[in-house]
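A.B. asks: This is what each chain is made of:
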Amino acid sequence: MTYFLGKRESLFRPSTARASWRCRDSSDGGFVGGFEGLLFGLLLFVAGTLLVSYAWAVVDTKTATEAAARQAAVTYVQAPSAAAAFASARQAAEVALAGYGRDPGRSRVTLVAGSFGRCQRITISVTYPSPLLVLPFVGRIGSGERVRADRSELVDPYRSGIPGTAACG
Amino acid sequence: MMLVPAGFLVLILLGSLSVDTAATFLAQRQLRDSLTAAANDAVTAGLSNQSFYSGGVLAVSPSRAATIICVSVAAQADEDLHDVRLWMAIDGATIRLEGTATVHAVFGRAIPGFGQRTVRAETTAVAATGPVTGTGATRAPPVMAALQPVRC
Numbered sequence: 001m002t003y004f005l006g007k008r009e010s011l012f013r014p015s016t017a018r019a020s021w022r023c024r025d026s027s028d029g030g031f032v033g034g035f036e037g038l039l040f041g042l043l044l045f046v047a048g049t050l051l052v053s054y055a056w057a058v059v060d061t062k063t064a065t066e067a068a069a070r071q072a073a074v075t076y077v078q079a080p081s082a083a084a085a086f087a088s089a090r091q092a093a094e095v096a097l098a099g100y101g102r103d104p105g106r107s108r109v110t111l112v113a114g115s116f117g118r119c120q121r122i123t124i125s126v127t128y129p130s131p132l133l134v135l136p137f138v139g140r141i142g143s144g145e146r147v148r149a150d151r152s153e154l155v156d157p158y159r160s161g162i163p164g165t166a167a168c169g
Numbered sequence: 170m171m172l173v174p175a176g177f178l179v180l181i182l183l184g185s186l187s188v189d190t191a192a193t194f195l196a197q198r199q200l201r202d203s204l205t206a207a208a209n210d211a212v213t214a215g216l217s218n219q220s221f222y223s224g225g226v227l228a229v230s231p232s233r234a235a236t237i238i239c240v241s242v243a244a245q246a247d248e249d250l251h252d253v254r255l256w257m258a259i260d261g262a263t264i265r266l267e268g269t270a271t272v273h274a275v276f277g278r279a280i281p282g283f284g285q286r287t288v289r290a291e292t293t294a295v296a297a298t299g300p301v302t303g304t305g306a307t308r309a310p311p312v313m314a315a316l317q318p319v320r321c
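Chains as they are written, first to last, in the working numbering: chain F, 1 to 169; chain Z, 170 to 321.
Careful: at least some of the hints might be erroneous.
Claimed, not checked - The following label-pair restraints were derived from C-beta to C-beta distances:
(1) E145/F <-> R289/Z: 28 to 34 Å
(2) T287/Z <-> E145/F: 23 to 29 Å
(3) T271/Z <-> A82/F: 35 to 41 Å
(4) Q317/Z <-> T49/F: 36 to 42 Å
(5) G139/F <-> R254/Z: 37 to 43 Å
(6) G225/Z <-> A167/F: 20 to 26 Å
(7) V46/F <-> E291/Z: 42 to 48 Å
(8) T49/F <-> S232/Z: 49 to 55 Å
(9) V138/F <-> V179/Z: 22 to 28 Å
Said to hold, decoys possible - Quick look at which bits of chain F chain Z covers, simulated, 3 or more residues with Cβ under 8 Å:
(10) 40-47
(11) 56-65
(12) 94-101
(13) 147-161
Simulated from the structure, these hints should not be mistaken for laboratory data.
Positions of the beta carbon are idealized from the N, C-alpha and C atoms, including for glycine.
Please work from the sequences and hints to get the whole structure.
C.D. replies: So, in structure tokens, the structure goes:
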């Protein structure tokens, strides 16, 4: 912090014994700095807000994709047939994302492991781009990293509607 | 004048705290989802064939259930959950699963003592041969045996 002192002001007592030091009212001759404090605070506020907002956006997107992946996996293993399994799972994921206020068209739903069959373990992945910023009264701005969530479920070995025998090992 | 950056700093800290709390809540939901999937898998795939074909009784085999639970939890690939510990209790065709996990805070890891948080979840699954009447909220919770640790 910088201090500008007036000509008549001194930080030290006079060295001579006869001179007496006394407090005087501060004059208008000096200017006490500190404007950089405001600048620093503003910079801290902007940078910190951007950081926290981006972290919040990622966590919020992760919450939405987790819910979508969970719904998709559950719907997949409860589907009546293999043909309808993935379509219904995708639809369930999109409905879940829409429930979180997301655009389902920007999501990506994939079956990353397994297939539809008795006692088969399937894993469904849902990815969605995280916004760069989430601002009050403005909403989500920009597009950042894609956030991914995986959920795995086992097709019921004793369910009806699927040929074959249960052999989960 | 220094109160301005100090105030902003406090504001940022509160924002960081909210992000960490949300991340912890998310991890708790992840753990609960993992336990629910594992219990659902274990209560069906873990049914004892011997018990059913000899006496017509639905009963979960503890050893099979433990194996399925471990496979199911590992398959969820929850990278945010660390040091996951599981306990289960089996009573006939009912399985109760509890678990704890630690979560690394997003911003709190920069502060000693605030880097980790522990989350806990529990779930119960029942195998049924027909439609189950009533919801989980209306049914009385089953009386279960003592929880046993699941070693994966």
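A.B. asks: Could you work out which of the previously given hints the structure breaks and list their numbers from low to high?
C.D. replies: Per hint list: 4, 12 violated.
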